[in-house]
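Chemist: Sequence lines, in order, name chains A and B. Taken in order, the first sequence gives residues 1 to 486; the numbers are from the working numbering. Taken in order, the second sequence gives residues 487 to 586; the numbers are from the working numbering.
Each hint should be verified, as a subset may be incorrect.
Here chain B is said to cover these stretches of chain A; the calculated rule only asks that three of the stretch's residues, wherever they fall, bring their Cβ under 8 Å from a Cβ of chain B [said to hold, decoys possible]:
(1) 98 to 105
(2) 410 to 421
Ranges of calculated distance between the beta carbons of each label pair, as one might list FRET restraints [said to hold, decoys possible]:
(3) A:T192 / B:A498: 21 to 27 Å
(4) B:I552 / A:D189: 55 to 61 Å
(5) B:R537 / A:R355: 32 to 38 Å
(6) B:L563 / A:G19: 25 to 31 Å
No lab work stands behind these hints, which were simulated from the structure alone. A virtual CB, placed ideally from N, CA and C, is assigned to each residue, including glycine.
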Amino acid sequence: MFPPLQDLYRIAPELVLCGFGMLVMFLAPIVPKARHGALAFISLLGAALALGATRFMALNPGAAYSGLVRADAFSLFVHLIVIGVAFLAILGSVDYLKREDLDGGEFCALILFATAGMGVMAGAHELLTAFVGLEMSSIASYVLATYRRDEPRANEAAMKYFLLGSFATAFFLYGIALSFGATGSTHLDLMTPLANDSSHTLLKTGLGLIFIGLAFKVAAAPFQMWTPDVYEGAPAPVTAMLSTGPKAAAFALALRILASIDAAAPVWFWALWVAAALSMFAGNLSAVVQTSLKRMLAYSSIAHAGYILVALAAAAASDRMELGIAAALFYLVSYALVKLGAFLIVAHLGGAGERHVDIEDFAGLGRRQPAMAACLSIFLLSLLGLPVTAGFLGKFYIFNAALQSNQPSLLWLAILLGLNSVIGAYYYLRVIVAMYMREPEREIAAEPAPWTLSIVLWIAAAGTIYAGLLPARIIGYATKAAMNIR
Amino acid sequence: MVPTSYFLVLSAVLFGLGVIAFVFKRNILTIFMSIELMLNAVNLAFVSFSRALGQLQGQVFVFFVIVVAAAEAAVGLAIVILIHRNRGTLNVERVDTLKD
């Protein structure tokens, strides 16, 4: 009855993540609170070993557990993103947890569990497995969102995240149920409509409902209303994780469904088109008027979900699907590095209780803390899409995928993307201008970055520049992943 | 034998009622119950398809949904308790510090 060793190799990263998650949970009540740094260290070790365990996946490609999950280049690529995010998020929040006097063990364990769920989503080749992965990641995230238990704003964020997240899950599940009824299977490669009158319509409805569920999870308009509140209310390091890892996993699942079910592309194309256009405008136009940097970054993440949806629409419309998929994957890497870094900076500079998160509070940062200001500038310029940063090439690949598809509707979408980049430039540059050219209205003491945070910021900034200057290797892997998706 | 379409219509109606309750109700617990209603509509759809297709798979899925819904309820109710403790209300309209 024991599963063959090959199958275990193919889910090795999840096994490591869950194992270390449980170990940390077990140790948390035993280890005295003053020594919770050690638990963070164990969790970091777990994340690093999980990164190493992806090697087992790479060496044993193929389907595991009678086709429920697959270890392939695509799954591997997304695994590297989500586990990398978990590693950096834990390392970057060690100091925050100490400052806010929060319990470190459970925090790290929950991040590891959530990451295991995202890994399952990335590898899932069957819809119910994908659902279990989605819930593993979501349930842990709900708890993380209100990790500052006595902070009413964090409670509110968790409530909204939980209610709307479960609502979306119900749509996702109903979609699975209808697709199951139409095809008699939930294995992505076996989902072709049965031979009766109603099953085509049923499958279309099911795929539509699945799209709604996933659109909620990636924070795409018109299902984005929870995003700003949740990202603002949750502790900033948690926001850093929430806005990157789960989003990458949900996009991976959407790409997998898009590529594997033949009926998906025609049903989803216009939905993707509309959601992309709405998300870009909803995100950017609301971000312009924000005074809080944390909330502005939340709106900007809606806009960036819109940019990635353009790549998905290109993948859905084109005969060369791999261009769109590779563009989406590259963008997810560049976006994850940047958003993680930016939110961690907000977490640090916000000070005790995160009181200083307004753009005004960042005035004069260039003089007060030059290194920190330089990192934040790199991240904001990458979000804006300036050359030399990863964000520029990410947008370039999306443009390329949209234009190569030779569809007039995608040409329009590319034009909207360009227009939105211009709107985005306004509010990203406003922060940079405040940091370097304005004097602070009130005196804020400079808080030197702890070494743990510095490492994360340097990795994120170096990664952003590296992907912006020498993208060949990353886009090469992304293309290989895209070819391997079926 | 009752045709499958009857069950599916019932499931769609239940799901629709869940959505309507989710949108219009103001108490967190009621909203939470409407989500449970939606999940049970899904379960009904799974078992009726399972019967129509002559497969057992659909019934196994229901167990997954029930287990996950239970896990979700545990976390959800904990959040509800936190809200009540820190705000003294369960009305979602009065839990609104996070607004522009």
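Chemist: Does each hint fit the structure? Answer for all of them.
Modeler: Evaluation of the provided hints:
1. 98 to 105: violated (count 0)
2. 410 to 421: Coverage by chain B is violated here, the residue count being 0 at a Cβ distance below 8 Å.
3. A:T192 / B:A498: 21 to 27 Å: For B:A498 against A:T192, whose Cβ atoms are near 24 Å apart, the range 21 to 27 Å holds.
4. B:I552 / A:D189: 55 to 61 Å: violated, 27 Å
5. B:R537 / A:R355: 32 to 38 Å: violated, 58 Å
6. B:L563 / A:G19: 25 to 31 Å: holds, 28 Å
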